[in-house]
Each structure stands twice: as C-alpha cells, then as structure tokens.
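Going down the list, the sequences are from chains A and B.
Counting from 1, position 404 in the first sequence corresponds to residue 404 in the numbering used here; the numbering is continuous, with no gaps.
Each position in the second sequence, counted from 1, maps to that position plus 465 in the numbering used here.
Mixed in with the good hints there might be a few duds.
Said to hold, decoys possible - In silico lysine-lysine, BS3-like type, Cα no more than 27 Å apart, as pairs:
#1 B:LYS470 <-> A:LYS56
#2 A:LYS324 <-> B:LYS483
#3 A:LYS188 <-> A:LYS140
#4 B:LYS467 <-> A:LYS56
#5 B:LYS483 <-> A:LYS188
#6 B:LYS473 <-> A:LYS316
#7 B:LYS483 <-> A:LYS93
#8 A:LYS173 <-> A:LYS126
#9 A:LYS324 <-> A:LYS257
#10 A:LYS12 <-> B:LYS467
#11 B:LYS470 <-> A:LYS316
#12 A:LYS324 <-> A:LYS249
#13 A:LYS97 <-> A:LYS173
#14 B:LYS470 <-> A:LYS12
#15 A:LYS173 <-> A:LYS188
#16 A:LYS186 <-> A:LYS249
#17 A:LYS140 <-> A:LYS186
#18 A:LYS93 <-> A:LYS188
#19 A:LYS188 <-> A:LYS257
#20 A:LYS173 <-> A:LYS249
#21 A:LYS97 <-> B:LYS482
#22 A:LYS12 <-> B:LYS473
#23 A:LYS93 <-> B:LYS482
#24 B:LYS470 <-> A:LYS324
#25 A:LYS97 <-> B:LYS483
#26 A:LYS140 <-> A:LYS184
In short, the hints are calculated from the structure, not lab data.
As the structure is a computational prediction, the values presented were derived from the model and not from experiment.
Residues per chain are reported as follows:
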Amino acid sequence: MEREVNMIHQYKLGGYNIVLDVCSGAVHAVDDVAYDIIGRYECASREEILAELAEKYTDIPAEELSECYDQVAALAAEGQLFAPDTFEPAAGKLKEKTAGVVKALCLHIAHTCNLNCAYCFASQGKYHGDRAVMSFEVGKRALDFLIENSGSRRNLEVDFFGGEPLMNFDVVKELVAYARSVEKEKGKNFRFTLTTNGLLIDDDVIEFANRECANVVLSLDGRREIHDRYRVDYAGNGSFDRIVPKFQKLVEARGGKNYYMRGTFTHANPDFLKDVQTMLDLGFRELSMEPVVCAPGDESELTAEDMPIVCEQYEKLAELMLQKDNEGDPFTFYHYMIDLEGGPCIYKRISGCGSGTEYMAVTPWGDLYPCHQFVGEEKFLLGNVFDGVTNTECRADYAACNDYARPECRDCWARLYCSGGCAANAYHATGSVRGVYKYGCELFRKRMECAIMVAVARAMEEDGE
Amino acid sequence: MKHIKTIKTRNLCESAKKGGCGECQTSCQSACKTSCGIANQQCENSKESK
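Build out the structure end to end from the sequences listed, making use of the hints.
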C-alpha cells in the first residue's frame, strides 16, 4: 500500500516537542531523542536511525537510544503513532444517515443594523438586498420547519442573527415564547443564541438573554481606537463607549452562563493580542477574535505581510492563557478550547460543517440559504420555510462537501480539526464551495498548533511534569 | 527513562466503530460564524461513545 503522507505532525512550541498522530488523534509530548526518531521512523531502518542518533547524542548511552526507539515502535504497534487513514469510506455516512434532517437555523431576524461597520460581510446587515425585518409569522413558520425536519434530533439550535437582531427584539421574544410553548410536546430542546452589537441592550434584553439564551455573542473588537475604526454608527461615531458598559452589565448578570466577547481583527490590527488584553482589562473572560472576512482587495483584508504577525500573536495568546492559568485568573479563547478527551467523534470530524444540510439560514421573508454567509447569493437559494428545500441539486452539492471532497485537504494534518473548512470562505476565495481558502487554512493550522500546545501544557501541569 | 508522555485523548479510530449520533452542535453555530472548526466542540454523547 502506498504510504499516506502527513500521518504525523511534529512541531516545537511553548517549550514542548509535540507529536500529533493525525488519524488516531493521539498527542504525545516527547524529548528530543524521541522527536528525532519519530521524524525518521518511516523513512529509515532501526539500525540507520540508531546510528544517526548515536552520532548526534554522544552523551546518551546506546541502550537508552535503543530503549527510546522501542517506545516509539510500541506506540506505532498500538495504533497511537502512524495510524493509517481508514476514514474516507465513512465520510458521507453521517450525512446519508441524517439526510434531510435539519437541526440548526440562523434566523436573520433583522436585515438592518444600527451600526455601519465598513468591514461587515453582511454589508451593514442588508446582505446586498433591501432592509427588512422578519415577521412573527415567518419566524414561527421557520421554527415549525425546523421541528418538522429535525427527525429524532432533540437538541435544536436557533441563532438570532442579523444585521442587528435587537432591532426586532419583540419578534425575538415572541418566537422564543412560541418555541418554549411547543418544545416539550414535540420532544425538542431549543438552544437559542443571540448575536448583538450591544447598542440596544437594556435591562429587558439582559433579563431575556440570560434566561433564554444558551449563548450570547457580543461584538467588541478590543481597543477603543480599533473598535471605533470600523464599528461606527451612521453619523460616523464610534460605538465603544456606548456598548462596553452594557456588555459588562449583561455579562455580570449572566451568572456563569456562556457568552463570547467576539472581536474581528483586520489589516488595521494584526497585533490583536492587545485587543484581547483590552477585553481582559474590561473584565471579560470568554473571548473570541476572528480574522476579518471581506471582499478581496478591501482595505481591511489581511495581507501576506500580516500573516507572520498574526501567527506570532496566536503563539503569544497561548502563552498568555497559560500564564493566566497559573495566576488563578483563567480565560477562554474560542479556538483554543480544544477538548482532546471529549471532543467530536470521527464522523463529526469528517462530515463537513453541515451548511446547506443540517444547518441553514433564513432570511426575513423566509428564504433558505446554506448558511448566513451565502445569504443574498441567489444561485445558492435552497427554497423557503413554506415550501421546504426545492433546490435539491444545490443541497446535494453541500451534502457532498466533506473532509475528503478537496484534494488539498488530503495531505493536511489539521483535516480532522476543521472538518474540511468553511464553504463560504472557500467560495469567496476561489469561486467554488469545493475550493480551499489557503490563507484561512494557514491561520487555522497555527491556531490548532497553539490549542494543542495549551492542552499539552495543562495536561503536563496536572500530572506534575 | 521515559522519553514520551502520551496525553489523554479520545481515540478517533475507536470512535469510528460506533457511528455518529448527530446530536452535537452545528459547527458554525456559536461564536465565530466565519470559520469552521470542530475541535472545540463537545460530544453530546461522549460518556457512552468514548
């Protein structure tokens, strides 16, 4: 059999030599000798490797080098190193099994916004169309569509999204009340998320969000000057000073329920760690910073020159997390919350993101799109909440998106951590949902290296090593 | 001498034996909305299927 490439990913970070066995998911922290052996294990014989090591590590006895080689060989025999990729036949299985099942909707409750952020992928909430808000009738039909199409799925996710969803808050409240009134008899459990820019947060919103929303996503870009560069109202005034006290009040009242302080970094702030620090200084502890998604050539677009800066920031962010752990003041960063023990099964990891199949976006007038980032792209219109999915060809195209659909992913060590990547990013970068957004992939790999390093450091700390 | 410390992880090959239940969170439906990552998601069924 032809040897698979990249079954191992080795790297040095944070003072650790880390070896990821891609297919088994095993993670090993190793010393220099083991690191070298693993790097050569599949390319040379035992004798050749031991001879090379004896030349390099003159102060280590031959028996010890040999013992280390045997430890590597034992892990390989146990399937914890060099495990082959046998998953491809299963790549479409979960979607086949759940064909037609929808379990999550992004409700575009308001295609309008009270901010005029220049970098907005939703073009100030309008998604290249007219301003509109969702009526209760359309929203109710969307929730019924979700219940009707969710099969045996119990947990249903609904995100109130926009534009700015609080510009249509009364309908949000009515829809939640409706969902709660029917979920028990339907055997469902609704999990609501609210994504907001914060301007309209008041005591009523806080009470509602903390009672009903499993998660709240709060948009803050960090430093005042960074936030106010793009996140301005229609008069051009920055929003930082107006929203921060509201966010602080909401988070304080949240009583430990999930939230994310979500920032966007752009060409204006590739040094985004300063913005993370600002969030920490403001008292927030559940953080997310995302690279901007914008049209190619936009002034906010991250450049090739930004890449090394951003990668260094990711590394420093990982170090900061460990430092804050030690200080007894931990914080979370969305992309570093890797769960090595309880994370997703292999089916989830290879099945793609679910856009266009189990996850769809609903416009204010009830149209269905594969995800929020495709709204307004007419060729991806799937149908509507009244008639269901009628563009079955388009849906089939999304159903075929999985970890093995893109040739570029086959050699990528991170393929079981991204599930094949974001179809929208791929489309916007290459014109095809089966394309690859290489810049995003590079950032993703760096984030995963950092996330795994943090997990290794914490595990070693726990074991007193 | 111990040269290798293996961190406790879920064995992905083992998880292939049971088949996915599909109850887990949709990949993009949380904080980011602009990139796809599944590594930080919880398995809804991890106690049974680890």
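For this structure, which hints from the list above don't hold up?
2, 13, 16
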